[in-house]
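Chains P and Z are the protein sequences, given in the same order. First residue of the first sequence: 1179, per the numbering used here; consecutive thereafter. First residue of the second sequence: 196, per the numbering used here; consecutive thereafter.
Honestly, the hints are just simulated from the structure, not real lab data. None of the values given here were measured: they were computed from a predicted structure. For glycine and all other residues, C-beta sits at the position ideal for the given N, C-alpha and C. The reader is advised that the hints may include incorrect statements.
[What the hints assert, rightly or not] Straight-line C-alpha distance at most 27 angstroms; calculated DSS-like pairs for lysine-lysine:
| no. | chain 1 | residue 1 | chain 2 | residue 2 |
| --- | --- | --- | --- | --- |
| 1 | Z | 377 | P | 1367 |
| 2 | Z | 299 | Z | 268 |
| 3 | P | 1386 | Z | 302 |
[Stated by the list, open to error] Going by beta-carbon spacing under 10 angstroms, a handful of chain P positions derived as facing chain Z:
| no. | residue |
| --- | --- |
| 4 | 1368 |
| 5 | 1369 |
| 6 | 1375 |
| 7 | 1376 |
| 8 | 1379 |
| 9 | 1382 |
| 10 | 1386 |
| 11 | 1390 |
| 12 | 1421 |
| 13 | 1450 |
| 14 | 1452 |
| 15 | 1453 |
| 16 | 1455 |
| 17 | 1458 |
| 18 | 1459 |
[Said to hold, decoys possible] Calculated from the model, a selection of chain Z residues having no Cβ within reach of chain P, i.e. all distances over 10 angstroms:
| no. | residue |
| --- | --- |
| 19 | 310 |
| 20 | 466 |
| 21 | 543 |
Given next are the chains, with one letter for each unit.
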Amino acid sequence: MSTGTMTMPATQRVGRRTRSLRRDRRWALITSYVFLVIFAIFFLVPPYYMIVTALKSDAEVAHMATNPWIIANGVTLDQFKILLTQTDFLIFFKNTAIVTICVVAITMVVSVLAAFSLGRMRFWGSSILATGIFLTYLVPDTLLFIPLFQIVKAIGLLNSYWGMVLVYPTLTVPFCTWIMIGYFQSIPKELDEAALIDGAGHMQMLLKIFIPVALPGIIAATIFAFTVSWAAFVYPMAFLYSADQQVLTVGTVTSLIRADVYKWGMLMAGALLAAAPPLVIYAFLMDYYIAGLTAGATKG
Amino acid sequence: MAEVALHQVVKKFGDVEAVRAIDLDIPDNEFVVLVGPSGCGKSTTLRMIAGLEEVTSGNISIGGEVVNDLPPKDRDIAMVFQNYALYPHMTAYENMSFGLKLRKFSKDEIRQRVEHAARILDITELLDRRPKALSGGQRQRVAMGRAIVRNPKVFLFDEPLSNLDAKLRVQMRTEIKRVHQKVKTTTVYVTHDQVEAMTLADRVVVMNQGRIEQIGTPHDLYHNPRTRFVAGFIGSPAMNFIPCRLEQAGSALRTRVSDTIALPVPADREARYRSVIGKELILGLRPEHITEPRHNGRADGRDFEVTLDVVEPMGMETMVFFTINETEFCSRVEPSAAGDAGAKMRLHANVDHMHLIDPASGAVI
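Construct the complete structure from the given sequences, taking the supplied hints into account.
Okay, structure coming up:
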């Protein structure tokens, strides 16, 4: 009888612990939602502003008295119409698409082959070479464009978007190779040993085993190469100067800003259209990206 | 099907010698198990046979042909890995047929072989599933199926049951034995589990520190170990070892293990041991050879009394632990005969199964 009054009954102790766990969990959830909302607002404000401005008339944009966050004088698609019919926007778009498709293709072929040999085929100096490749990525393009200017000029590709197809891979290949090395190394070594015993050569192993298994990594690398190529600014700024060769990033800015005149409505419409392809690519590939294809290969 | 032969095979990783000049002849159709503790060189040996590791020196031949410089695919072997190594993006059928496709077999032949292997392994209804939709045991069956369809000269197994839970391991062990009885392909099987080795093997190869300690049938290794290592490694629980001195007692011999306990040497062993009379030796006796007295009271000097430290009932038998001269002993007794911890118990040493070991060389005398 006395023990009951002196010590806490077991059920009461368990109950208290459960309640405190539940309270901790609730606070963790509340805190994470608060920060998620703050970050969501922070990142969604610029696109919102872009959309709102793109759907306004020039007159409303210029009118200082109206609230810039809302459309007061009605929605209009004039900015898009003018942008697509009276500027070189479609040429920029086409150039960017050509450059990006070529760069992504070149990058993926080079990176996958390089990463496979560096990540899986151990040879003398392979790890130093892998680190060396990554180090080249750390040199910023703002430093590289001066020597690259000489190279691009020497091979006659100055003021040609094909020059971009040549120089963008200097940004994309090192990083994509690095990502792919990590992916290839995470694939259990027994898988290539099994393939070797099954009779596969290195190329068959790469095409039939490694690429399908490392698809999430390849997609991550593709997204990276696409984004870098689509959004590159420094190189086209330095190497391209005529409108027929220009790409979206620089072309939109140079053709829609004349001295101190900013065509805000069209700039925002252009930015919106330029941002659409990456969004579509992300949305389309994200499912593949997340799907863990390696599940079930080995124990675990 | 083919015989496998290793002649003076050495494998070095830098300065470390993982396999030290081993010789091994495996006849056609035999099931050989390489067993030993971690780092003893058993897996390296298997991988050299597979062609996944280069041989530093010596020769490996399969079917009479030296294969040292042949790539794995040209050795006509099939291997089952510890972690299955199934291709995750392929179905069980595709996994099993991958090697045949690469070797340009016709579709009909591939289907026929895969279906035949699937019937042997009872996985016909799993052929459309990907590895992630299979349980551990099913994955290991598919991995075995991938080996069987190739109809290779040699099967290599690298600790294939280590990732499975205890119950499934016993089940798959029987399965592997059953498959071998059906297909009768020469098999080299690596494990660190001596129970697996004993139950599966036609012959067991015990390895230690890169060397072969002993090759023999499971029965042979259990009853006639040649070294202390083999004596201690084979058998579970392990053999008891205690320092002793061999004494002359009239015309007979006896081993003195403590002031109060001296066990007689069987008459048929006296000639063998006569040269080591008076020497400090190690007595080895398995737990199953120390039991409650079963001789209807006719004491023959082989009984002794101990105080039990720990008693572990296992159901069909009870393990009792006690100490003699600060050396822990384990014995396997009838559950009804075992006392409680702390109680005294009379035990009987079946010295017909004793081993005397030279402490310097570790060799069984």
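To see whether the hints hold, each was checked on the structure:
no.: 1; hint: 377(Z) to 1367(P); in the structure: violated, 31 angstroms
no.: 2; hint: 299(Z) to 268(Z); in the structure: holds, 13 angstroms
no.: 3; hint: 1386(P) to 302(Z); in the structure: holds, 18 angstroms
no.: 4; hint: 1368; in the structure: holds, 4 angstroms
no.: 5; hint: 1369; in the structure: holds, 5 angstroms
no.: 6; hint: 1375; in the structure: holds, 5 angstroms
no.: 7; hint: 1376; in the structure: holds, 4 angstroms
no.: 8; hint: 1379; in the structure: holds, 8 angstroms
no.: 9; hint: 1382; in the structure: holds, 7 angstroms
no.: 10; hint: 1386; in the structure: holds, 8 angstroms
no.: 11; hint: 1390; in the structure: holds, 4 angstroms
no.: 12; hint: 1421; in the structure: violated, 46 angstroms
no.: 13; hint: 1450; in the structure: violated, 38 angstroms
no.: 14; hint: 1452; in the structure: violated, 35 angstroms
no.: 15; hint: 1453; in the structure: violated, 33 angstroms
no.: 16; hint: 1455; in the structure: violated, 28 angstroms
no.: 17; hint: 1458; in the structure: violated, 26 angstroms
no.: 18; hint: 1459; in the structure: violated, 23 angstroms
no.: 19; hint: 310; in the structure: holds, 19 angstroms
no.: 20; hint: 466; in the structure: holds, 52 angstroms
no.: 21; hint: 543; in the structure: holds, 46 angstroms
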